[in-house]
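> Sequence:
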Amino acid sequence: MTTTEPILTLRDVSKSYGRIDALQDVTFDIRPGEFVGLLGPNGAGKSTMFQIISGLFAPDAGTVTVFGKSHAEGSAAILSQLGVVFQARSVDLDMTIKENLAFHGRLFGLSGRRLKACIGEQVERFGLSDLQARKVRQLSGGQQRKVEIARALLNGPRLLVMDEPTAGLDAPSRRALVQDMRDIATEAGVAILWATHLVDEIEGADRVIVLNAGRIVADSTPDGLRETTNTPDLTDAYAVLTGPQKAST
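In case it helps, the UniProt record's numbering puts the sequence shown at residues 1 to 249.
Hints are not guaranteed to be accurate.
Stated by the list, open to error - Okay, derived cross-link-like pairs now, SDA-like style, lysine to any residue, Cα gap no bigger than 25 Å in a straight line: (1) K116 - A77; (2) K98 - A61; (3) K135 - G189; (4) K98 - I184; (5) K69 - R158; (6) K116 - K69; (7) K116 - Q51; (8) K98 - L110; (9) K69 - D12; (10) K69 - G189; (11) K69 - L139; (12) K69 - Q24; (13) K135 - A102; (14) K98 - G142; (15) K116 - E73; (16) K116 - Q144; (17) K135 - E121; (18) K98 - L115; (19) K98 - K116; (20) K69 - L169; (21) K69 - D25; (22) K135 - S70; (23) K69 - D94; (24) K135 - L169; (25) K98 - E73; (26) K98 - G74; (27) K135 - R158; (28) K69 - D29.
Calculated directly from the structure, the hints in this document are not laboratory data.
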């Protein structure tokens with residue numbers, strides 16, 4: 001983890017859908033090399049936050065800057081350095097693994113040997129090397145999720161935002177993915193925002209942001225959360241901080 005300028009900044013970000021407040025006055029920073037857990041119950045507003053960070057939605061109020069720019073100032077430059085794993089599947093089911101990754105890589109200007117090397121690195125990382133010629137719809141749910149994550153890493157992002165990235169993975173694969181991402185943050189200086197409702201996935205995070213009903217109710221280290229709530233473990237701290245799990249969106 002480093003102490004350089006923030007790579008992602010949200011200031012007083014709010015977003016509503018009719019009478020439903022999805023996010024309310026959300027403020028935080030993430031710096032290069034930080035592995036930050038975004039912990040919250042289903043419906044807390046995590047997915048809405050990711051859609052705003054990636055530029056799919058604009059906030060109703062507040063500001064979001066990624067790499068020092070807003071999406072209005074330079075969305076193409078932001079997206080070229082951003083990796084996103086959404087909760088919903090977004091790969092083409094009728095394309096093979098290799099075709100999906102090659103198509104995505106070309107969108108980021110990769111070609112020839114470099115594209116081939118990047119694809120090879122990611123399919124090896126996720127144990128997909130022998131399945132590259134298989135259509136995505138023929139894969140298990142866990143394998144499809146690995147293709148999504150491999151695609152998000154293909155362009156060597158400086159910031160990686162991951163919304164429930166272990167959905168569909170078995171326990172060993174979940175643990176391996178968490179460790180892989182922590183290694184990437186440490187060794188490559190990639191900032192990672194990892195959204196989940198599974199406490200064990202972010203036990204080793206540099207920081208944990210707890211989001212409940214669209215509001216940040218805590219932003220601290222895992223030890224800091226335990227100390228603040230006077231609880232023995234992070235699971236108990238999370239329960240204290242969220243209380244009755246009031247859904248947002």
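> So, for every hint listed, does it hold in this structure?
To see whether the hints hold, each was checked on the structure:
The hinted pair formed by K116 and A77 meets the criterion: a straight-line CA distance of about 23 Å does not exceed 25 Å. The suggested pairing of K98 with A61 is violated, with an alpha-carbon distance near 40 Å, which exceeds 25 Å. Annotation: proposed proximity of K135 to G189 is violated, straight-line Cα distance about 33 Å (limit 25 Å). Of the supplied pair hints, the one linking K98 and I184 holds, its CA atoms being roughly 23 Å apart against a limit of 25 Å.
The straight-line distance between the Cα atoms of K69 and R158 is roughly 14 Å, inside the 25 Å bound, and the hint therefore holds. The hinted pair formed by K116 and K69 fails the criterion: a straight-line CA distance of about 31 Å is larger than 25 Å. Restraint check for K116 and Q51: not satisfied, since their Cα atoms lie roughly 30 Å apart, outside the 25 Å limit. Of the supplied pair hints, the one linking K98 and L110 holds, its CA atoms being roughly 14 Å apart against a limit of 25 Å.
Among the hinted pairs, K69 with D12 is consistent with the structure: their alpha-carbon atoms are about 16 Å apart, no more than 25 Å. Proximity of K69 to G189 is assessed by CA-CA distance (about 19 Å); at most 25 Å being required, the pair is judged to hold. Pair hint K69 plus L139 does not hold up; C-alpha atoms about 38 Å apart against a cutoff of 25 Å. Distance restraint check for K69 and Q24: the Cα-Cα separation of roughly 22 Å lies within the 25 Å cut-off, and the hinted pair is therefore satisfied.
Taking the CA atoms of K135 and A102, the gap is near 14 Å; set against the 25 Å cutoff, the hint holds. Restraint check for K98 and G142: the C-alpha separation of about 17 Å stays at or below 25 Å, so the hint holds. A C-alpha spacing of about 32 Å is found between K116 and E73, which places the hinted pair above 25 Å, so the restraint is violated. A hinted pair counts as satisfied when its Cα atoms are at most 25 Å apart, and K116 with Q144 qualifies at roughly 20 Å.
With a C-alpha separation of about 19 Å, the suggested pair K135 and E121 falls inside the 25 Å cut-off, and the hint holds. Taking the CA atoms of K98 and L115, the gap is about 11 Å. The hint holds against a cut of 25 Å. In summary, the hint linking K98 to K116 is supported, as the alpha carbons are separated by about 9 Å, within the 25 Å threshold. A hinted pair counts as satisfied when its Cα atoms are at most 25 Å apart, and K69 with L169 does not qualify at roughly 34 Å.
A C-alpha spacing of about 20 Å is found between K69 and D25, which places the hinted pair at or below 25 Å, so the restraint holds. Between K135 and S70, the direct Cα distance comes to roughly 37 Å. Violation of the 25 Å bound is thereby established for this hinted pair. Restraint check for K69 and D94: the C-alpha separation of about 36 Å exceeds 25 Å, so the hint is violated. For the proposed pair K135 and L169, the alpha carbon gap of about 19 Å is at most 25 Å, so the pair holds.
A threshold of 25 Å between alpha carbons decides the hint, and for K98 with E73 the separation of about 33 Å lies outside it, so the pair is violated. Annotation: proposed proximity of K98 to G74 is violated, straight-line Cα distance about 30 Å (limit 25 Å). About 29 Å separates the Cα atoms of K135 and R158, which puts this hinted pair outside 25 Å; it is violated. Taking the CA atoms of K69 and D29, the gap is about 14 Å. The hint holds against a cut of 25 Å.
Checked against the numbered hints given earlier, this structure breaks hints 2, 3, 6, 7, 11, 15, 20, 22, 23, 25, 26, 27; the rest are met.
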